[in-house]
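Chemist: What follows is the residue order along each chain.
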Amino acid sequence: MDLNYTREEQAFRTEVRQWLKETLPHELREKVRLGKRLAKADMELWHSLLNARGWLAPNWPRAYGGCEWNAVQRHIFEEEACLAHAPRSLPFGLSMLAPVLLAFGTEDQRQRFLPRILNGRDWWCQGYSEPGAGSDLAAVKTRAVRDGGHYVVNGQKTWTTLGQHANWIFCLVRTDPGAKKQEGISFLLIDMDTPGVTVRPIVLIDGEPEVNEVFFDNVRVPAENLVGEENKGWTYAKYLLTHERTNIAGVGFSTALLTTLKHVAGRVKSGGRPLAENPHFAARMAQAEIDLMAMATTNLRVVSAAAKGQAPGAESSMLKVKGTVIRQELTSLLRRAMGPDALPFQPDFLDGGSNAAALGPDHAAAAAPSYFNMRKLSIFGGSNEVQRTIITKAILGL
Amino acid sequence: MDFNLTEERMMLRDTLRRFLADKYAHENRRALIAAGEPFDTGIYAGLAGLGVLGAMFREDQGGFGGEGFDLMVVFEELGRAGVIEPVLPAVLAGGLIAAIGNGRQRGLADEIIAGTHLAALAQGEAGSRYDLNHVETTAAAKGDAIVLNGIKTHVLYGAEAQTLVVSAREAGAVADAAGISLFLVPVNTPGVTVSGHRNMDAIPSATVALDGVRLAETARLGAAGGGLEALEAAVARGLAALCAEALGAMEAAKDLTISYLKERKQFGLPIGKFQALQHRMADMLIEVEQARSAVINLAGNLDQPRELREIHASAAKNLIGRAGALVAEECIQMHGGIGMTDEYALSHFARRLTMIDHLFGDTDYHLERFIALKAG
Numbered sequence: 009m010d011l012n013y014t015r016e017e018q019a020f021r022t023e024v025r026q027w028l029k030e031t032l033p034h035e036l037r038e039k040v041r042l043g044k045r046l047a048k049a050d051m052e053l054w055h056s057l058l059n060a061r062g063w064l065a066p067n068w069p070r071a072y073g074g075c076e077w078n079a080v081q082r083h084i085f086e087e088e089a090c091l092a093h094a095p096r097s098l099p100f101g102l103s104m105l106a107p108v109l110l111a112f113g114t115e116d117q118r119q120r121f122l123p124r125i126l127n128g129r130d131w132w133c134q135g136y137s138e139p140g141a142g143s144d145l146a147a148v149k150t151r152a153v154r155d156g157g158h159y160v161v162n163g164q165k166t167w168t169t170l171g172q173h174a175n176w177i178f179c180l181v182r183t184d185p186g187a188k189k190q191e192g193i194s195f196l197l198i199d200m201d202t203p204g205v206t207v208r209p210i211v212l213i214d215g216e217p218e219v220n221e222v223f224f225d226n227v228r229v230p231a232e233n234l235v236g237e238e239n240k241g242w243t244y245a246k247y248l249l250t251h252e253r254t255n256i257a258g259v260g261f262s263t264a265l266l267t268t269l270k271h272v273a274g275r276v277k278s279g280g281r282p283l284a285e286n287p288h289f290a291a292r293m294a295q296a297e298i299d300l301m302a303m304a305t306t307n308l309r310v311v312s313a314a315a316k317g318q319a320p321g322a323e324s325s326m327l328k329v330k331g332t333v334i335r336q337e338l339t340s341l342l343r344r345a346m347g348p349d350a351l352p353f354q355p356d357f358l359d360g361g362s363n364a365a366a367l368g369p370d371h372a373a374a375a376a377p378s379y380f381n382m383r384k385l386s387i388f389g390g391s392n393e394v395q396r397t398i399i400t401k402a403i404l405g406l
Numbered sequence: 117m118d119f120n121l122t123e124e125r126m127m128l129r130d131t132l133r134r135f136l137a138d139k140y141a142h143e144n145r146r147a148l149i150a151a152g153e154p155f156d157t158g159i160y161a162g163l164a165g166l167g168v169l170g171a172m173f174r175e176d177q178g179g180f181g182g183e184g185f186d187l188m189v190v191f192e193e194l195g196r197a198g199v200i201e202p203v204l205p206a207v208l209a210g211g212l213i214a215a216i217g218n219g220r221q222r223g224l225a226d227e228i229i230a231g232t233h234l235a236a237l238a239q240g241e242a243g244s245r246y247d248l249n250h251v252e253t254t255a256a257a258k259g260d261a262i263v264l265n266g267i268k269t270h271v272l273y274g275a276e277a278q279t280l281v282v283s284a285r286e287a288g289a290v291a292d293a294a295g296i297s298l299f300l301v302p303v304n305t306p307g308v309t310v311s312g313h314r315n316m317d318a319i320p321s322a323t324v325a326l327d328g329v330r331l332a333e334t335a336r337l338g339a340a341g342g343g344l345e346a347l348e349a350a351v352a353r354g355l356a357a358l359c360a361e362a363l364g365a366m367e368a369a370k371d372l373t374i375s376y377l378k379e380r381k382q383f384g385l386p387i388g389k390f391q392a393l394q395h396r397m398a399d400m401l402i403e404v405e406q407a408r409s410a411v412i413n414l415a416g417n418l419d420q421p422r423e424l425r426e427i428h429a430s431a432a433k434n435l436i437g438r439a440g441a442l443v444a445e446e447c448i449q450m451h452g453g454i455g456m457t458d459e460y461a462l463s464h465f466a467r468r469l470t471m472i473d474h475l476f477g478d479t480d481y482h483l484e485r486f487i488a489l490k491a492g
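These protein sequences, in sequence, are chains A and B.
Heads up: the first sequence is residues 9 to 406, going by the numbering used here.
Heads up: the second sequence is residues 117 to 492, going by the numbering used here.
Don't read these hints as lab results, they were simulated from the structure.
All of these numbers come straight from a predicted model, not from anything done at the bench.
Cut-off 25 angstroms, straight-line C-alpha distance, at most; resulting in silico cross-link-like pairs (PhoX-like, lysine-lysine):
1) A/Lys401 <-> B/Lys389
2) A/Lys270 <-> B/Lys490
3) A/Lys246 <-> B/Lys389
4) A/Lys401 <-> B/Lys378
5) A/Lys29 <-> A/Lys270
To spell it out: a stretch of chain A is covered by chain B in this simulated footprint if at least three of its residues, at any positions, have a beta carbon under 8 angstroms from a beta carbon of chain B; those stretches are:
6) 13-21
7) 299-306
8) 326-339
9) 383-396
Computed footprint of chain A on chain B; a stretch qualifies when at least three of its residues, placed anywhere within it, have a C-beta under 8 angstroms from a C-beta of chain A:
10) 367-378
11) 388-400
12) 403-412
13) 429-435
14) 476-487
Where is the CB? At the ideal position from N, CA and C, for every residue including glycine.
Please put together the full structure from these sequences, using the hints given.
Modeler: As structure tokens, this is what we get:
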């Protein structure tokens with residue numbers, strides 16, 4: 009047992025911290041720090057900065073322009089990026105599609121798509137959920153029918169995160185309606201500029217259109233865009249769930265959030281004293297901190313096992329459940345810490361540049377919206393209830 | 117970063133686990149308690165022979181371990197088997213003697229490591245609750261003697277010990293940090309009255325009355341008036357041991373419950389098929405992993421400077437208290453009636469888990485302490 013990082017890992021942390029300090033533009037940092045909404049250009053800028061340093065694809069092989077970082081290195085990078093208030097890099101192309109192409113795609117597909125993820129030509133989104141297929145993802149109904157050299161796609165995807173910015177979507181589509189529901193699904197790549205694709209934004213509880221509905225009306229997709237074998241798509245989708253999910257606990261996000269919370273609770277006054285000295289609030293804050301301290305170690309235990317080549321199984325699900333519960337509690341505390349200053353809804357400030365004025369102190373404008381937004385954590389990526397079922401099945405084997 | 121045990125610790129763990137699996141079956145343990153024995157001296161000698169006591173002490177103290185992870189490995193196994201033999205006093209009283217004793221006093225530590233001498237820590241009092249600094253027992257100089265007066269409560273293994281390590285006040289007000297001294301008091305010293313009892317979790321305990329107990333200056337352990345610092349450090353080690361023991365008890369309770377969910381059938385199905393139970397089980401498994409992380413954090417920071425050490429001690433005891441209550445209550449609930457019987461092992465783990473929260477500060481006490489430490 010040794011709770012310390014190796015000298016190499018510490019040097020890596022220093023290098024990352026230094027790079028973030030020198031490279032992350034102030035304006036972008038402030039947007040993230042204050043919980044403002046990032047524009048498409050902000051996210052593209054962040055990707056291009058990472059790409060210029062060669063750090064955009066931590067888990068890809070070097071041969072394809074990745075860093076081949078192990079799980080501990082990725083963890084260090086994610087932690088530093090969160091603490092520096094860097095934006096999160098978009099996972100759709102980098103860590104959702106790419107691992108599938110690397111494991112199951114053809115070399116042609118890798119050469120065609122991977123460079124365009126790195127250089128920002130393509131913005132991918134995920135076409136998994138449907139109105140009738142949420143937690144029961146294998147119930148997808150979107151049909152793809154082979155017609156010569158094409159598939160003809162009809163149906164609807166939903167909850168498509170940032171799909172309004174995307175030009176490509178990877179989809180689970182049903183290619184064999186007669187088979188058992190997991191066995192008739194294929195993994196198809198669709199150019200969103202193809203005639204018949206319609207994107208309709210969905211405004212969420214925080215006022216932001218973060219997700220979309222995507223409709224397919226007789227969309228003709230070249231057969232070469234099929235990944236792997238027809239009707240094996242479910243295997244590929246599941247592969248993603250057990251691989252490359254090191255940041256699922258969100259420890260870096262929660263650590264940054266706790267820092268903000270303490271800062272706010274130390275300044276906001278309640279009854280003439282800092283809120284941090286209110287025993288009830290202090291107790292909730294301390295309990296979240298204690299849980300996070302343990303969570304950080306739970307995460308590192310899984311991460312360091314993963315770095316040694318042990319694929320996490322039910323551990324990923326445990327990290328997801330507990331990590332999201334802690335993060336949601338912290339966003340709830342931050343909202344409460346703002347008191348009446350959490351009331352005003354200020355979309356202009358949230359959408360605007362860093363100079364736009366806001367009512368209330370720092371962090372007030374985003375406190376309620378981000379609390380509401382973070383309700384998604386326990387719903388997406390397999391709801392926490394689905395994760396609990398996975399955990400118990402792995403242990404009980406029933 | 118490495119979360120694997122060293123080979124030596126793995127060997128110690130495996131040897132201890134085999135020994136306890138062989139000698140410490142639940143039926144034997146239950147029979148021992150039913151017979152009114154405080155603990156099994158043969159088992160205790162066996163534990164000493166395996167090096168369990170030596171693992172609690174550093175090499176320069178006559179042991180071969182003494183680090184947080186040594187405590188963790190040993191106490192997790194003790195907790196898993198529900199061991200009631202007095203290893204904890206070796207950490208608390210023995211640890212204090214080894215840490216601050218003079219040359220002659222440290223000879224006692226050798227006997228403790230050999231399992232031939234039992235020393236118990238007598239620090240609690242009727243009014244102290246969990247505060248180590250609340251000491252009403254007095255130590256007054258009278259000629260060349262020191263005279264102790266007061267009553268010490270909840271002295272674990274006090275009636276079985278040959279020596280007590282007593283905290284007493286030589287100066288200052290009742291709750292002052294300064295002015296507290298520690299003394300080695302042989303239980304057969306005139307004026308010492310020990311009344312033993314058994315705790316809810318079958319651990320033997322005692323109330324110790326000190327009525328004009330005359331001690332020589334040589335009985336003093338450590339510096340006059342500076343006992344609190346050493347006491348706090350020893351209790352931090354005791355907390356690490358207790359948290360690890362609780363972790364072991366949680367693992368055992370969890371394993372029993374997993375088996376039961378597979379075996380027990382109702383409505384024609386193993387009850388583990390019901391989602392109402394599956395999700396509760398999942399939440400419990402998560403909290404047990406969190407508990408393990410909290411123990412690792414404390415064990416790994418036990419030799420850090422005071423503030424960091426105590427932050428982790430309070431964080432761990434708070435989290436272990438919450439997780440322990442959850443595991444005890446949920447395991448009973450998932451078992452149903454059988455979980456409440458004395459005959460079945462689960463009720464013993466549940467009692468130990470719950471009572472551990474009452475030792476050296478409970479969940480609320482350590483949450484408040486964590487806040488104060490962080491603010492300071």
